[in-house]
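**Q** Let the hints inform the model, and build the full structure from the sequences given.
Number of protein chains: 2
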Amino acid sequence: MKICIIGANGMVGKKLVKKMLSSDLYKTKIKQICLFDINFNKKNDETNLTYINGNIADIKQIKKIASERFDMIFHLAAIVSGEAEENFEKGWNVNLFSMWHLLEALRKEHFKSSKKYIPKLIFTSSIAVFGAPFPEKINDEFLSSPQTSYGAQKASAELLISDFSRKGYINGMSLRLPTICVRPGLPNKAASGFFSNIIREPLNGQKAYLPVDKSVRHWHASPRAATSFLMHAALMDTSLLENRTSLNLPGVSCTVEEQIEALRSVAGQKVVDLIIFKKDENIQKMVLGWPKDFFSKKASELGFIAEKNFEEIIKIHIEDELK
Amino acid sequence: MKICIIGANGMVGKKLVKKMLSSDLYKTKIKQICLFDINFNKKNDETNLTYINGNIADIKQIKKIASERFDMIFHLAAIVSGEAEENFEKGWNVNLFSMWHLLEALRKEHFKSSKKYIPKLIFTSSIAVFGAPFPEKINDEFLSSPQTSYGAQKASAELLISDFSRKGYINGMSLRLPTICVRPGLPNKAASGFFSNIIREPLNGQKAYLPVDKSVRHWHASPRAATSFLMHAALMDTSLLENRTSLNLPGVSCTVEEQIEALRSVAGQKVVDLIIFKKDENIQKMVLGWPKDFFSKKASELGFIAEKNFEEIIKIHIEDELK
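Heads up: the sequence lines are chains A and B, in that order.
Using our numbering, you'd call the opening residue of the first sequence number 1 and step up by one each time.
Using our numbering, you'd call the opening residue of the second sequence number 1001 and step up by one each time.
Incorrect hints may have been included.
[Unchecked claim] Only pairs whose alpha carbons sit at most 20 angstroms apart, straight line, appear in this in silico PhoX-like list of lysine-lysine:
#: 1; chain 1: A; residue 1: Lys64; chain 2: A; residue 2: Lys137
#: 2; chain 1: A; residue 1: Lys2; chain 2: A; residue 2: Lys43
#: 3; chain 1: B; residue 1: Lys1315; chain 2: B; residue 2: Lys1270
#: 4; chain 1: A; residue 1: Lys31; chain 2: A; residue 2: Lys18
#: 5; chain 1: A; residue 1: Lys167; chain 2: B; residue 2: Lys1108
#: 6; chain 1: A; residue 1: Lys115; chain 2: A; residue 2: Lys2
#: 7; chain 1: B; residue 1: Lys1285; chain 2: A; residue 2: Lys167
#: 8; chain 1: A; residue 1: Lys19; chain 2: A; residue 2: Lys60
#: 9; chain 1: A; residue 1: Lys108; chain 2: B; residue 2: Lys1090
#: 10; chain 1: A; residue 1: Lys285; chain 2: B; residue 2: Lys1167
#: 11; chain 1: A; residue 1: Lys19; chain 2: A; residue 2: Lys323
#: 12; chain 1: A; residue 1: Lys167; chain 2: A; residue 2: Lys115
#: 13; chain 1: A; residue 1: Lys64; chain 2: A; residue 2: Lys19
#: 14; chain 1: B; residue 1: Lys1108; chain 2: A; residue 2: Lys90
#: 15; chain 1: B; residue 1: Lys1167; chain 2: A; residue 2: Lys90
#: 16; chain 1: B; residue 1: Lys1120; chain 2: B; residue 2: Lys1029
#: 17; chain 1: B; residue 1: Lys1167; chain 2: B; residue 2: Lys1120
#: 18; chain 1: B; residue 1: Lys1002; chain 2: B; residue 2: Lys1112
[Unchecked claim] Simulated restraints, written as ranges between beta carbons of each label pair:
#: 19; chain 1: B; residue 1: Glu1321; chain 2: A; residue 2: Thr238; range: 13 to 23 angstroms
#: 20; chain 1: B; residue 1: Asn1282; chain 2: A; residue 2: Ser67; range: 51 to 61 angstroms
#: 21; chain 1: A; residue 1: Asp280; chain 2: B; residue 2: Glu1258; range: 52 to 62 angstroms
Honestly, the hints are just simulated from the structure, not real lab data.
In this text the structure is predicted, and so the values were computed from the model without any measurement.
Heads up, the beta-carbon is just placed ideally off N, CA and C, and yes, glycines get one too.
**A** Written out as structure tokens, the structure reads:
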């Protein structure tokens, strides 16, 4: 089995590679993992890993990926929400049209020889495909009405993947990830960054600013859950999706207050005292348009599992990043 | 006011032009209507009409449309479902990518001068954006999960229109039309054609074949309702859509049996006797995946009105086509 991971050097990509290298799948079936990203700062000596420095907006590179006839392709690469909002054309080009070019290149391979090529394609979509107003819990049949360009691009890419799958050219699925929390590394400027910042920074002895009311509710899963979703999708029989290839994944719904309560219970009051409330009306307004809670029945039935509560998410962060 | 109708020579396009020429809007505000289609078999002498023979897949033609800075653009052109299913690449190119090129050309115009250009764009989408399984009635928040390439292309084009509208580049809306019944003209080979054939042909003294069980339920509106939807959208304030620019339009939900009953009541038993039951398992199977009924609350609140029952649909066909 040959696997390609597009966006292998991102936060989730790196964790996926690590997890895969220690998996039974790797030990028993995988002959090659090709890591594709714009840039690699560190390469692994593992013999079955190959690296491609490339841009998914480059059609030549896309055709090269298709010609390799990987059995499985993880597509994790994207222009993130802030940049897609600022650079409208770039967002659509990379997040939608490069997906079209990849799928078309795979379809051309499909017809090239008598042994039909049908790769499995696992795409990381996002809860950004949803836009307010919401019901109390978003169920598996709720409409996608994105209120960001990033969300609209993810939703359109999902439609492509669904149609190419229905036609039998690929076995595709789109995983709508919750907000990944606690993100490791430095604080970033994403509007959603504070959900991680208010946990990660205090645990490092640093101050963190909370820009929204404590009553704000949101939908989270750990980086460890994200990689387990991807590994579970890799092993899953896609025919179980029954032509609906986009899945709302499980997560933890909690308020900022509950996040802080969990931090207090895990790390104590002194750590919590490093969180400073400093309201940012723009962020507060944006956040109110984001999904708060889901009833992700189908994904749960298919065996996707997230954390049970936010305390568990914090403990995972401590185990995976601080030890 | 300058208006452009893309796909002006199609069945709905021709009726829209006719209706518009007799409207108050035309008498009081419209300076020019540009009719765009691949081919015109008959041109009208009306002075304010201009004609363009062109292909919407041709980027040069698209840029020409944008450069004309129409105040309102109706986009009715499409590769229809049967052809989009057969010719996969052509369907996506015309139904999705030509929409992208049109929107991008309009966006370039938007930024070209200090007086921002923001055209109104009215796009005919379809209930094909929905795929089984369905609830008893599809409401305004039901997910789009198309099971045809045509439906996936319409759904993706809707996402583009929504995002360009959210960014303020256009005032867009997508009208998800019911199946248009009774279609005038010759029987066509679309799988849904029989819904019209079993009414139109008997009224003309011709036999018609019914390929599905009489219990099959579907969602209909007359060609006259379709043009009234478009005229209503033309006059509507798009800000009332509140960032959800795709609308499920009202229609008549009825079974084939109810269609036949209505025909009997309007035209008598002898006409009904011309319907011959001849089951086609393929069509029966396909039809079971199509939407049956809607609760189109938002569109109704916004003033879109369809027929009340199928009898009315038949009477409209007789008035508009047979007199």
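**Q** All hints are to be evaluated individually against the structure, with a verdict given for each.
**A** Structure-based check of all given hints:
no.: 1; hint: Lys64/A x Lys137/A; in the structure: violated (42 angstroms)
no.: 2; hint: Lys2/A x Lys43/A; in the structure: holds (19 angstroms)
no.: 3; hint: Lys1315/B x Lys1270/B; in the structure: holds (17 angstroms)
no.: 4; hint: Lys31/A x Lys18/A; in the structure: holds (16 angstroms)
no.: 5; hint: Lys167/A x Lys1108/B; in the structure: violated (35 angstroms)
no.: 6; hint: Lys115/A x Lys2/A; in the structure: holds (17 angstroms)
no.: 7; hint: Lys1285/B x Lys167/A; in the structure: holds (17 angstroms)
no.: 8; hint: Lys19/A x Lys60/A; in the structure: violated (30 angstroms)
no.: 9; hint: Lys108/A x Lys1090/B; in the structure: holds (14 angstroms)
no.: 10; hint: Lys285/A x Lys1167/B; in the structure: holds (17 angstroms)
no.: 11; hint: Lys19/A x Lys323/A; in the structure: holds (17 angstroms)
no.: 12; hint: Lys167/A x Lys115/A; in the structure: holds (16 angstroms)
no.: 13; hint: Lys64/A x Lys19/A; in the structure: violated (26 angstroms)
no.: 14; hint: Lys1108/B x Lys90/A; in the structure: holds (15 angstroms)
no.: 15; hint: Lys1167/B x Lys90/A; in the structure: holds (15 angstroms)
no.: 16; hint: Lys1120/B x Lys1029/B; in the structure: holds (15 angstroms)
no.: 17; hint: Lys1167/B x Lys1120/B; in the structure: holds (14 angstroms)
no.: 18; hint: Lys1002/B x Lys1112/B; in the structure: holds (19 angstroms)
no.: 19; hint: Glu1321/B x Thr238/A: 13 to 23 angstroms; in the structure: violated (47 angstroms)
no.: 20; hint: Asn1282/B x Ser67/A: 51 to 61 angstroms; in the structure: violated (36 angstroms)
no.: 21; hint: Asp280/A x Glu1258/B: 52 to 62 angstroms; in the structure: holds (57 angstroms)
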